[in-house]
Amino acid sequence: NAGVMQNPRHLVRRRGQEARLRCSPMKGHSHVYWYRQLPEEGLKFMVYLQKENIIDESGMPKERFSAEFPKEGPSILRIQQVVRGDSAAYFCASSPGVGAGVSETQYFGPGTRLLVL
Amino acid sequence: DQQVKQNSPSLSVQEGRISILNCDYTNSMFDYFLWYKKYPAEGPTFLISISSIKDKNEDGRFTVFLNKSAKHLSLHIVPSQPGDSAVYFCAASTGNQFYFGTGTSLTVIP
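Chains as they are written, first to last, in this note's numbering: chain A, 1 to 117; chain B, 1001 to 1110.
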């Protein structure tokens, strides 16, 4: 499967626990993006990463949320001390990364549906 | 601040007819526009894109039109098929950040 992979597909957490969402970009892609979709809403940009670098995190909540894209392994979106309002679908996308600031098509993974009880 | 808007939350079209989905944007700096299709419980699938230097791009049954002066984007699907029933998102970008509309749910009636 050469597409964007996300796991887990579904994640249930109790309030106060931590949620870790993983994303493996498409083969050959070096740019990763995370989006959140709340019920009845569109996708909201959260963060844009390249290997070992956060390029733009302007859409990320300032507390409890963090993201990384290490040199080896998948990108991780981490939510600490989850609250009910964090329940949403989280999508990861990747793009080839031909150059910073260059618009290019993003390809999405199947998403992780987080439910906070 | 919603920079990309899809004002029609839903659209129903008879099979074989044309589906027209609309999208408006506010930022004149956007230089790349895309349409994605999304089925329930799946990620968005890229459909078609258009650069701001063009006003039309066609791919099979799908055509995207861009009117920069009106800051308006539309997707035409002809002929519409039942398998086209899904939520369609338009997106606009400047650099690497994408802005998505809230989606239009298309139902194609057999």
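Mixed in with the good hints there might be a few duds.
Not everything, but these chain B residues come out facing chain A in the computed CB check (under 7 angstroms) [claimed, not checked]:
| hint | residue |
| --- | --- |
| 1 | G1016 |
| 2 | E1042 |
| 3 | Q1097 |
Below 30 angstroms or equal to it, Euclidean Cα-Cα: the simulated DSBU-like pairs (lysine-lysine) are [what the hints assert, rightly or not]:
| hint | chain 1 | residue 1 | chain 2 | residue 2 |
| --- | --- | --- | --- | --- |
| 4 | A | K27 | B | K1071 |
| 5 | B | K1071 | A | K51 |
| 6 | A | K51 | A | K62 |
| 7 | A | K44 | B | K1071 |
| 8 | A | K27 | B | K1068 |
Keep in mind that the hints were calculated from the coordinates and are not lab data.
Built from N, CA and C at the ideal position, the CB exists for glycine as well.
Next item on the list: Report the numbers of all earlier hints that the structure fails to satisfy, in ascending order.
Entry: Numbers 1, 4, 5 and 8 - these are the hints that the structure violates, sorted from lowest upward.
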